[in-house]
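My request is simple: use the sequences and hints to build the entire structure.
Spelled out, the chains give:
2 protein chains.
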Amino acid sequence: MTPTDTADQIRTQLGQMGHAARAAARLMARANTAAKNRALREIATQMEAQRAQLIEANIRDMQAGRAQGLDAALLDRLELDNTRIDDMIAGLLQVADLPDPVGEIEHLRYRPSGIQVGRMRVPLGVVGIIYESRPNVTIDAASLCLKSGNATILRGGSEALHSNQAIAACIAAGLRASDLPETAVQVVGTSDRAAVGALITMPEYLDVIVPRGGTGLIERVSREASVPVIKHLHGVCHVYIDDRADPQKAFDIALNAKTRRYGVCNAMETLLVAEGIAAEILPRLAAAYESKGVELRGCERTREILPRCLAAVEADWAEEYLAPLLSIRVVADMDAAMAHIARYGSGHTEAIVSEDYSRSRRFLTEVDSSSVMVNASTGFADGFEYGLGAEIGISTDKIHARGPVGLEGLTSRKWIVLGDGHIRQ
Amino acid sequence: MTPTDTADQIRTQLGQMGHAARAAARLMARANTAAKNRALREIATQMEAQRAQLIEANIRDMQAGRAQGLDAALLDRLELDNTRIDDMIAGLLQVADLPDPVGEIEHLRYRPSGIQVGRMRVPLGVVGIIYESRPNVTIDAASLCLKSGNATILRGGSEALHSNQAIAACIAAGLRASDLPETAVQVVGTSDRAAVGALITMPEYLDVIVPRGGTGLIERVSREASVPVIKHLHGVCHVYIDDRADPQKAFDIALNAKTRRYGVCNAMETLLVAEGIAAEILPRLAAAYESKGVELRGCERTREILPRCLAAVEADWAEEYLAPLLSIRVVADMDAAMAHIARYGSGHTEAIVSEDYSRSRRFLTEVDSSSVMVNASTGFADGFEYGLGAEIGISTDKIHARGPVGLEGLTSRKWIVLGDGHIRQ
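Each protein sequence line maps, in turn, to chains A and B. The first sequence maps to residues 615 to 1039 in the numbering used here. The second sequence maps to residues 615 to 1039 in the numbering used here.
There may be inaccurate statements among the hints.
Chain B is faced by these chain A residues, among others (derived, beta-carbon under 8 Å) [stated by the list, open to error]:
id	residue
1	ARG640
2	ARG644
3	ASN646
4	ARG691
5	ILE1013
6	LEU1032
The set of hints was computed from the structure by calculation and includes no laboratory data. Please read all numbers here as calculations on a predicted model, not as lab measurements. Positions of the beta carbon are idealized from the N, C-alpha and C atoms, including for glycine.
As structure tokens, then:
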């Protein structure tokens, strides 16, 4: 398929893929753990065997990307070298080793009527993943969907088309070798953007869409989708240093939360400091940030303590910098900090540094974010750190899944009832 | 407000309600269990004290309804008499007695990094409920949202406007008396249908929409909403009688599932019978159905056994009769039954009657419905029977909540992290 196909043709093609995915989903839902793990290991074997083809396909994408003038960051994400193939293979084997969530029965209890009622974990069905030109996401997403018993339709960025097709060939060979339906993982083979529009408006075939990528993509998908979306928007994360904080812990956490990595969603973007401790803590922190090349933008009271700090403007408080930039605000107390977070935060991750029991307890309870922390760096907001084993993304939604989404987030629970001829009065 | 208001005015008004609801939601999320229970009991007291006003307001709605020519079923649902007020009061007290889901922490465990990670149950935030002209839903929905720590905006059918406003006055008085924000429960005061359109497209103010009512309303809301929807569509429920069924259990369950009540979503609409047992079981069942006035529509093989049975057409298999009508199909075996369910079912509730261990196990695992039962009547698919204590609806969605939705379905879980100055490497 080429970009000259009409939107109608693309819709028809995606409808056929959706239909095949539905059929595959029924078989995947009943596939046993051993078969799913065998497929994951077999895909790893295929990737190992087809290294040369994978790199060759990627070279075609890289050449086209350079000719198109893609910037260095995009080209870096697009590239597949031996190390990245090693990582993908390791990822497949890790997912094979994770416990299978499907079929777990919880809370099976007798009711007064005599029936037993419980809940069984089941796959969602067909999962659509829309992502940018990062070929490794193809394997990440496919392996998590496969292990959780879902069928999946993957639509990666058009710049990675050849790489994704080469990876898709490995996945198909792995599924075939394990007697699982080849259509359990399908990669959309057209680079036409109309494919995204078609995919997100097929609720008859898809049970959920996970967009992974820039804010523009995610906002478009959320706005136009008639399929439920598990989405990750901004990460405007805060650390609040309370006046009862241990200064060393505050220093370590505030430095780590900002400087561990800049381009990640769990990096701190705004530091809130109680006025009672600001003069003590800020100069030492500012020196450390400066030595790391972090630009500071502060409120007026911050600038009284740090005269070289630039002035923050209103827009700074709501900005996800994803860069060596930090806004700092001195606040009266924890209530002022929580009010700031409620107003400007994105509900991703917030941390308090405090030795005060009651304040820590209130912060944990009252801050409405997907991760809320006491005396720990926001950098811990991550599926691997939380023990999920793998992560399909971090949800900033409130329903279904909040925060890091692993295998469990790709499942749901149905009710099961066991009786012995029971009828309802 | 009257139906002559412009859509813009209505949008502005609902925006103000949404803004107030957001502020109330923050206070509700931190309200303790005692305060929420006090409010529920205080609302009950107010309803008791204002019986006369409630009935008077309802008489105005009933008179207008009769003048408009509403049919008898609608008028019946609209009516508020002393018995229904008693039921609403009892419902409020029952919800007050339920355990509070908010704040429950699960699986708090140490990770190798030294942090403790767990999940805390929290309210969703602001819940919008759109429903038909049944004033009792106003109290049901308000009480469940209140107990689960959510703010709510209620939009009932326009025919019940005066009744709902009288109930809203009781709710407001109860909230005031308990020091909870009055705007925690707001009833939309316009009968203009544009209010629904505005409500479902305010993701900045609403976290979830629960439409309760006819298929037309629910389909419209699902199609147009930019807010996530917890919805309940059709209930095309099946009972499959396996050839290894105990005939008495099969008889009891098949009769109960159809005839306990006809107009409910968990009533059986299609009976599937294995060919090996059809001749033994169907004549006795048909006689019982006939004595209850149930019209039967069967496949060809059914009609060979039951010559007086009408012929089912293709459309019968997908129909939610909600009436004393039953379609019957003789199938080769359980696989054929499951294929029929996958094709025609709505994913609501299905039951198998069988003494066979392996088949029961497979049916439980492989049937993809919100409730799957062995040797029990589909009539048990209900929040009260499952032990939820109360029910805001039955979800036929796959993400977030499947099946009966109680207090837990109005909550989500955030991650909490406890450290002691931990930073991430």
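Cross-check of the supplied hints:
Given hint, A/ARG640 at the interface with chain B, holds; its Cβ is 6 Å from that chain's nearest Cβ, closer than 8 Å. With its C-beta approaching chain B no nearer than about 5 Å, A/ARG644 sits inside the 8 Å limit, and its interface hint holds. Proximity of A/ASN646 to chain B is violated relative to the hint, the smallest CB-CB distance being about 10 Å (cut-off 8 Å). The restraint placing A/ARG691 at the interface with chain B is violated, with a minimum CB-CB distance near 22 Å, outside the 8 Å limit.
A least Cβ separation of about 4 Å between A/ILE1013 and chain B falls short of the 8 Å threshold, and the interface hint therefore holds. The closest approach between the C-beta of A/LEU1032 and any C-beta of chain B is roughly 5 Å, which is under the 8 Å cut-off, so the hint is satisfied.
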